[in-house]
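J.: So the chains spell out like this:
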Amino acid sequence: MELVLDSEQRQLREAVRELLADHCPPARVREIMGGDEGWDRALWSRLAGLGVAGLVIPEEHGGSGAGHVERCVVLEELGRALAPVPFLASAVLAVDTVLALGDAELSAELLPQLATGELVAAVAVAGDEGTWGSAAHSIAVTRRNGVFALDGHASFVVSGDAAHLVLVYAGTPDGPGWFVVSGEAAGLRTTRLRTLDPTRALARLDFAGTPARAVAAADPAAVLEAVRDRAAFALAAEQLGGLDHVLETTVDYAKVRVQFGRPIGSYQAVKHACADLYSTAEQARSVVRHAAWTADHDPGALPVAAALAQVVLGPGYFDSAAAGVQLHGGVGYTWEHDAHLYYKRAKTSELLLGAPEEQRARLADRLAL
Amino acid sequence: MSFRETVRAWLAENVPKTVENASAEERIATAKRFQAALHDAGLAGLTWPAEYGGQGRTAADQQVFDEEAAAYDLPTDVFMISMGMCGPTIVDLGTHEQKARYVRPLLRGEEIWCQLFSEPGAGSDVASLQTRAVRDGESWVVNGQKVWTSGAQHADFGALLARTNPDVPKHKGITMFIVDMHAPGVTVRPLKDMTGQAPFNEVFFDNVRLPADAVLGEVDAGWFAAVTMLGHERVSIGGSVRRRYDPLTYTNLADLARRLGRARDPVVRTELAGLYAAERALSLFNTRLRQEADAGSPPGARGSVAKLAGAELLWRAVRVAGLIAGVRAAAWDEGDPAAEELAIAINATPASSIAGGTNQIQRGIIGERVLGLPKEPQVDRDVPFRELRVGTQA
Ligand SMILES: Cc1cc2nc3c(=O)[nH]c(=O)nc-3n(C[C@H](O)[C@H](O)[C@H](O)COP(=O)(O)OP(=O)(O)OC[C@H]3O[C@@H](n4cnc5c(N)ncnc54)[C@H](O)[C@@H]3O)c2cc1C
Chain W
17 MELVLDSEQR
27 QLREAVRELL
37 ADHCPPARVR
47 EIMGGDEGWD
57 RALWSRLAGL
67 GVAGLVIPEE
77 HGGSGAGHVE
87 RCVVLEELGR
97 ALAPVPFLAS
107 AVLAVDTVLA
117 LGDAELSAEL
127 LPQLATGELV
137 AAVAVAGDEG
147 TWGSAAHSIA
157 VTRRNGVFAL
167 DGHASFVVSG
177 DAAHLVLVYA
187 GTPDGPGWFV
197 VSGEAAGLRT
207 TRLRTLDPTR
217 ALARLDFAGT
227 PARAVAAADP
237 AAVLEAVRDR
247 AAFALAAEQL
257 GGLDHVLETT
267 VDYAKVRVQF
277 GRPIGSYQAV
287 KHACADLYST
297 AEQARSVVRH
307 AAWTADHDPG
317 ALPVAAALAQ
327 VVLGPGYFDS
337 AAAGVQLHGG
347 VGYTWEHDAH
357 LYYKRAKTSE
367 LLLGAPEEQR
377 ARLADRLAL
Chain F
34 MSFRETVRAW
44 LAENVPKTVE
54 NASAEERIAT
64 AKRFQAALHD
74 AGLAGLTWPA
84 EYGGQGRTAA
94 DQQVFDEEAA
104 AYDLPTDVFM
114 ISMGMCGPTI
124 VDLGTHEQKA
134 RYVRPLLRGE
144 EIWCQLFSEP
154 GAGSDVASLQ
164 TRAVRDGESW
174 VVNGQKVWTS
184 GAQHADFGAL
194 LARTNPDVPK
204 HKGITMFIVD
214 MHAPGVTVRP
224 LKDMTGQAPF
234 NEVFFDNVRL
244 PADAVLGEVD
254 AGWFAAVTML
264 GHERVSIGGS
274 VRRRYDPLTY
284 TNLADLARRL
294 GRARDPVVRT
304 ELAGLYAAER
314 ALSLFNTRLR
324 QEADAGSPPG
334 ARGSVAKLAG
344 AELLWRAVRV
354 AGLIAGVRAA
364 AWDEGDPAAE
374 ELAIAINATP
384 ASSIAGGTNQ
394 IQRGIIGERV
404 LGLPKEPQVD
414 RDVPFRELRV
424 GTQA
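Keeping their order, the protein sequence lines are chains W and F. Under this note's numbering, the first residue of the first sequence carries the number 17, and numbering increases by one thereafter. Under this note's numbering, the first residue of the second sequence carries the number 34, and numbering increases by one thereafter.
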């Protein structure tokens, strides 16, 4: 097991970090947040230019065939900067779905474009109740004259508004299956949801006789599970970056903010809270690295490692972000300060794949409890 | 008719309907009309001295009123600082003239108050404030800045803390003033909070002239006045009635669980029960504090327990909301006000453990002032204010 980044992985981190420092400062995040479009196209192109969208895509399909550890390095930086790009949707959920489906034709068609970032794809798996896989009940598939059509809706689709193409988990008379829908398809209506977190767009998709292409899969539900595991630790990597940012900015502030004639960091209540942030971040980092390494080298152990990552990072990030606001006092509660953006991202991430109790239940299942 | 029946009948007749999407001006106008009518009916300021416009009744009557009012959303949030904090301090420390001038209009909702304590460099450590009031003949001239001032944009008066003597240790050179928010030189600039709304403000004082009788309490004894007001604040925040529309109450979360078909989930059930227990324990504690106060022993620093427990309760409710609603607590379709209210409440929760003294400060108060534990060493206690390190901002 290798939990320490090698020099190439560190270089990748530096490259992404530098790019984000130049092109995704907090002011840019706020600009996108206040704009009509939920994502930063220019930033997406620049990132894609580094080749980061294809890190887990095999070389034969235009990727770099690097691995999950590398992709998590990128996610960590994106989470640290709250970068408003459809990486989680396209370079994680969509790529992983195509890979898990294992359909040669689909892979040859989509992966090269996903690797370059020209194609932005999203994955629709949840219905109104937001649970992973529930779209199989909220979207019905019919087949007429050899053509498949979707009716119903999916919601909470990450970057659904940005997608040129959507991979949909829908219900057929014979059970759930996977379908590909063009973002431009007739009968597809995409609506941005209102979100607690202004830095990540989620969408609702309404299907009305929307033409779709079926993708054959021996076990569609197994694909769903595989993607969910990968999403769990990929999201955890993003959460880790945010958590790290909270830790750094909060500790810095505790050193300079003076109350009662002393820096607030000299009070045990503050010092201990900072120590807790650090302790949380260190364990979180280990858990994320472990899951990423496991995905690359020990896939059999991934279900536990992935569930573990969400169990640790979900509440770990949110509680830390809440402490970050708290330790900044009144200034942390203002709109101008960035602390609230991390708070909101952390809350949404904590719930995106199911509430913490659900994550623990999932881990319990994996442990055969 | 018993007092309870009187209250019940009056409320049934007079509580205005909540109007959705009402502007701030409309809400305040409604609140003012309601409060004046409440006062006309002899139901405003129940425990306040009759001489100055109160009703001179017991805390038990207040309890009865609160129980009856719990069935409604009274439009009185805008008076929370007036009636929970500034008014009681004027009653405690004001001269006869000040009480005669200010208490009645405050109780009638005709004049709204705000609390001008915190500054960019002085929050938990309010006593290190830098706003200065300098004597000029009979009057005072104020210069400086306050921040996070709730409701200043609607306020007619403020309770201002300003430094009147920088040559003595920080606690000894502060005076509390009553300041007319419409006076020349007072500028109020709304400040957006993390929910995106602007309930608080920056307030600037540029050569604002105050008359000699603006001093509340004694000159240079403003710290005593501040502690008096902060005590009222903690009790008022900790003991405040939860709004019926507050999405983070046990009742509303249990309802949400039923609506979303989550109420039979075993984890949801136990977590909701835990939330109920925490909410009930706090409300029973508040009732007991009030009964003790009625019997002649005021809560003092024990009000911090209510303030702290109230904040922790909200944080617990945020967790339970996530458990019940999952991602639905974080994203919703346009035009779903209930979901939107829940999200705003989640985003506003940090205020509960910062405003009115942070959780850390409340724990310090409980430890030192209630339990008598040894005090933190205070490096700046005896140093003249002039020589202090204050206001360092990152
Ligand atoms: C929604 C809201 C409304 C407000 N309304 C008003 C108002 O109407 N009028 C008004 O005057 N003020 C108001 N305030 C200001 C509020 O009183 C201050 O924000 C609060 O007292 C904290 O001060 P600060 O923001 O300067 O934080 P700081 O004092 O700088 O605190 C930063 C962190 O350090 C911790 N800390 C500081 N000192 C100690 C210590 N000795 N021991 C342990 N930990 C410590 C704090 O707990 C906090 O976590 C409001 C604030 C908010 C958020």
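Hints are not guaranteed to be accurate.
Stated by the list, open to error - Stretch-level coverage of chain W by chain F, calculated; a stretch enters the list once three of its residues show a Cβ under 8 angstroms from a Cβ in chain F:
1. 132–139
2. 159–170
3. 266–277
4. 283–295
5. 370–376
Stated by the list, open to error - Taking lysine-lysine and the DSS-like style, the derived pairs with C-alpha atoms no more than 30 angstroms apart in a straight line are:
6. 287(W) / 50(F)
7. 287(W) / 271(W)
8. 271(W) / 132(F)
Simulated from the structure, these hints should not be mistaken for laboratory data. Only a predicted model underlies this, so the values are computations on that prediction, with no experimental measurement involved. Cβ atoms here follow ideal geometry from the backbone N, Cα and C, with glycine treated the same way.
J.: If a hint holds in the structure, say so; if it doesn't, say that too.
T.: Now the hints, each set against the structure:
As drawn, the stretch 132–139 of chain W meets chain F at 0 residues by the rule of a beta-carbon pair under 8 angstroms; below three, the given contact is violated. Here the stretch 159–170 of chain W counts 0 residues with a CB under 8 angstroms from a CB of chain F, which misses the bar of 3, and the coverage is violated. For the stretch 266–277 of chain W, the proposed coverage by chain F is satisfied: 8 residues have a C-beta within less than 8 angstroms of a C-beta in that chain, meeting the threshold of three. Interface restraint, the stretch 283–295 of chain W with chain F: holds (3 residues with C-beta to C-beta distance below 8 angstroms; minimum three).
With a threshold of 8 angstroms between beta carbons, the proposed coverage of the stretch 370–376 of chain W by chain F holds, since 5 of its residues qualify and at least three are required. Between residue 287(W) and residue 50(F), the direct Cα distance comes to roughly 48 angstroms. Violation of the 30 angstroms bound is thereby established for this hinted pair. Annotation: proposed proximity of residue 287(W) to residue 271(W) holds, straight-line Cα distance about 10 angstroms (limit 30 angstroms). In summary, the hint linking residue 271(W) to residue 132(F) is not supported, as the alpha carbons are separated by about 45 angstroms, beyond the 30 angstroms threshold.
Hint compliance for this structure: hints 1, 2, 6, 8 are broken, all remaining hints hold.
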